[in-house]
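Peer 1: As a plain string of letters, each chain reads:
Number of protein chains: 2
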Amino acid sequence: MCHCQGVPSVSQAPIRQNSVRAHNLALVLQTVANSADPISRASVAGATGLTRSTVSALVDDLIAGSLLTEVDPAPRTGAGRPAAGLRPAPDGPAGLGLEINVDYRAACVVDLTGTLRHRLVEAGDQRQAGALSALTRLAALARHRAEADGLTVAGAALAVPGLVAAGGVVRVAPNLGWQDITIGTELDGLPLTVDNEANLAALSELGVGELPPSFIYVSGEVGIGAGIVLDGSLYRGVRGWSGEIGHIPIDASGPLCRCGARGCLEQYAGQEAMLRAAGVTSVAELAGADLTIAGTALGTALSTVVNLLDVDTIVLGGIYAPLVARLRDAIDAEIGRRVLTGSPIRLRAATFGPDAAMRGAAGAVLQGVLNDPAGWLARS
Amino acid sequence: MCHCQGVPSVSQAPIRQNSVRAHNLALVLQTVANSADPISRASVAGATGLTRSTVSALVDDLIAGSLLTEVDPAPRTGAGRPAAGLRPAPDGPAGLGLEINVDYRAACVVDLTGTLRHRLVEAGDQRQAGALSALTRLAALARHRAEADGLTVAGAALAVPGLVAAGGVVRVAPNLGWQDITIGTELDGLPLTVDNEANLAALSELGVGELPPSFIYVSGEVGIGAGIVLDGSLYRGVRGWSGEIGHIPIDASGPLCRCGARGCLEQYAGQEAMLRAAGVTSVAELAGADLTIAGTALGTALSTVVNLLDVDTIVLGGIYAPLVARLRDAIDAEIGRRVLTGSPIRLRAATFGPDAAMRGAAGAVLQGVLNDPAGWLARS
Numbered sequence: 000m001c002h003c004q005g006v007p008s009v010s011q012a013p014i015r016q017n018s019v020r021a022h023n024l025a026l027v028l029q030t031v032a033n034s035a036d037p038i039s040r041a042s043v044a045g046a047t048g049l050t051r052s053t054v055s056a057l058v059d060d061l062i063a064g065s066l067l068t069e070v071d072p073a074p075r076t077g078a079g080r081p082a083a084g085l086r087p088a089p090d091g092p093a094g095l096g097l098e099i100n101v102d103y104r105a106a107c108v109v110d111l112t113g114t115l116r117h118r119l120v121e122a123g124d125q126r127q128a129g130a131l132s133a134l135t136r137l138a139a140l141a142r143h144r145a146e147a148d149g150l151t152v153a154g155a156a157l158a159v160p161g162l163v164a165a166g167g168v169v170r171v172a173p174n175l176g177w178q179d180i181t182i183g184t185e186l187d188g189l190p191l192t193v194d195n196e197a198n199l200a201a202l203s204e205l206g207v208g209e210l211p212p213s214f215i216y217v218s219g220e221v222g223i224g225a226g227i228v229l230d231g232s233l234y235r236g237v238r239g240w241s242g243e244i245g246h247i248p249i250d251a252s253g254p255l256c257r258c259g260a261r262g263c264l265e266q267y268a269g270q271e272a273m274l275r276a277a278g279v280t281s282v283a284e285l286a287g288a289d290l291t292i293a294g295t296a297l298g299t300a301l302s303t304v305v306n307l308l309d310v311d312t313i314v315l316g317g318i319y320a321p322l323v324a325r326l327r328d329a330i331d332a333e334i335g336r337r338v339l340t341g342s343p344i345r346l347r348a349a350t351f352g353p354d355a356a357m358r359g360a361a362g363a364v365l366q367g368v369l370n371d372p373a374g375w376l377a378r379s
Numbered sequence: 000m001c002h003c004q005g006v007p008s009v010s011q012a013p014i015r016q017n018s019v020r021a022h023n024l025a026l027v028l029q030t031v032a033n034s035a036d037p038i039s040r041a042s043v044a045g046a047t048g049l050t051r052s053t054v055s056a057l058v059d060d061l062i063a064g065s066l067l068t069e070v071d072p073a074p075r076t077g078a079g080r081p082a083a084g085l086r087p088a089p090d091g092p093a094g095l096g097l098e099i100n101v102d103y104r105a106a107c108v109v110d111l112t113g114t115l116r117h118r119l120v121e122a123g124d125q126r127q128a129g130a131l132s133a134l135t136r137l138a139a140l141a142r143h144r145a146e147a148d149g150l151t152v153a154g155a156a157l158a159v160p161g162l163v164a165a166g167g168v169v170r171v172a173p174n175l176g177w178q179d180i181t182i183g184t185e186l187d188g189l190p191l192t193v194d195n196e197a198n199l200a201a202l203s204e205l206g207v208g209e210l211p212p213s214f215i216y217v218s219g220e221v222g223i224g225a226g227i228v229l230d231g232s233l234y235r236g237v238r239g240w241s242g243e244i245g246h247i248p249i250d251a252s253g254p255l256c257r258c259g260a261r262g263c264l265e266q267y268a269g270q271e272a273m274l275r276a277a278g279v280t281s282v283a284e285l286a287g288a289d290l291t292i293a294g295t296a297l298g299t300a301l302s303t304v305v306n307l308l309d310v311d312t313i314v315l316g317g318i319y320a321p322l323v324a325r326l327r328d329a330i331d332a333e334i335g336r337r338v339l340t341g342s343p344i345r346l347r348a349a350t351f352g353p354d355a356a357m358r359g360a361a362g363a364v365l366q367g368v369l370n371d372p373a374g375w376l377a378r379s
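Keeping their order, the protein sequence lines are chains A and B. The first sequence begins at 0 in numbering that gives the first Met the number 0 and counts up by one. The second sequence begins at 0 in numbering that gives the first Met the number 0 and counts up by one.
Because the hints were derived from the structure by calculation, they are not lab data. Treat the hints with caution; some may be incorrect.
Claimed, not checked - Covered, in the sense of this in silico footprint (three residues per stretch, anywhere, with C-beta under 8 Å from a C-beta of chain A), are these stretches of chain B: (1) 218–230; (2) 238–245; (3) 256–266; (4) 299–307; (5) 334–340.
Virtual Cβ for every residue (Gly too), placed ideally from N, Cα, C.
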């Protein structure tokens, strides 16, 4: 049986016979992973259209490969013996999520059930020489702890506040002072991907599954970036450099920005601008400050994003996450004034707060396993 | 044989057996339509992976239904008898493209080969009562001429300068003074779709096939709209209201806009603002005017679009199309200043100039036939 896109969307690519098993393994694994509760083999068959015997053979392989586990059923009051339920294995592959930003580096380990197993954060200026070596040591420590738990780290992903090109090359990360820094595609023998921090943070929300299929994730740090999720997928742009909202012009006669233009969003709602406007020295103190200037600038920029992309949900992450209640009125006022359709916009705080980028990074690794369990089984 | 999306993109939708013929009819028709030259049955088989006998049976049905035609081969110098070539039929279905804008209404007929067969444009203020009735009469005239040619009009699409909701309801078209106007889904017995003019104009470029898969089409009229094409498809947004770039703020202390905000792009680069700044009364006279103010504002707004969506190609349509050479320097200067990556942006004039929206409308009708030839055959 073939599971594929229906007519009239015509693709030129036939499914090769030898990929049918790989395809169906992914279909079964994702069906279990997307189920809120443990799900029986029969239900998987029903949901996928595969026969029960095909499902059972695939499930056996997935259990043997530590991707699925079978759990005892919940007691039922009705007649009949309830079937055992399938769920993702908590002791199989894990994703190693890494982040480097201006004033901290971090690592986390997440297992296939989505549970955070380890979280390591080190504060300090990352613009100094040796920051990448320190991050590598932190990653090794996190991996060591994961392996002590019996987990197998499937790969690593690193979030950086900059524009990333193919081959793990950071084209530019202005606030780190990086230009054309090659991080590469491997970390101590693990496959490594490097990605923009706002993109990975946006992916962390996809894993939670509480948002509509299209939303904008705004990450407030020293710089401001956005992850654009359209129809359930991250929209990366032609070169992977989408979402640079920090330089949306707010006021043509405003303060000079690092980028050379005047009055960019970052000059009103970036971390340094917010601290300066509030007359405080730490992000924690912003919780008691008047944030109208930042909120108004954010509202102006987000109105442009909404007018352009017609999304109705905006997630505020990074330093904005704990400040949503204080920023909301000013943002709403600008959106109400500037968005043509007058439709309400849902504004919410990032689910994982300041951990969003590294959680999204770990999730991206695990998504790779969910997309290609056959590759995982061949490896292990 | 099944032609569908490959692993690892897992879709839950199986292809139904009874849709295989419909799927393959579309595959064959699109393979011929996408070929620059007439293409033999054997080449179609090679390109699709279908057997020659399957292709021949499908081709016979498509010829009988006036969707394909067989043409004599070009003389060849090599050995062997060259095969007859297939191309889309010039005497089968046609698309009826319609447009209503502030100061004109228009209709065109395009056949399946992409040839413009009829073009009717009537100048005049469309904000008056009776504008829609006049458009309906114009549409009937265009259809009558198409039928006199032996064409069968497959459907109609209408381009409007506004936000369109389901059921052919124009939610708001500010420059026409329309609010919640129901145009409906039928025109004299023909299926009718109503869409935003910038969206349809963007589709007209997709049909030409000279652009990369992602680009922004900017339509300059009294208002300014954009059609966003990402990865070969029009991106419509959550409610179909994407691309409203006319209200990107250029200067917070600028002139008051119709929308209630200050300093929107439309106040610098909309048709009325450009005429006022140039001190002229007709669009034709803009060709001799200094357009630095409009170009700079467009460049500022397009920098935001490029920073956000990371596209590298921008098409200027509507009144901008004949003015690209005069606008280019000011646009390029702003993009050079404001786009972080410093990568060059390709800027070009709309292929169909002021006809782009109605050409795209006609093309959308024909794309419907290409996507579902089985539906067309069942109808005729």
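Peer 1: Now tell me if each hint is right for this structure.
Peer 2: For each hint, the structure was consulted:
1. 218–230: Our answer is that it holds, as 3 residues pass the Cβ test (under 8 Å) against chain A, meeting three.
2. 238–245: holds (count 7)
3. 256–266: holds (count 3)
4. 299–307: holds (count 6)
5. 334–340: holds (count 4)
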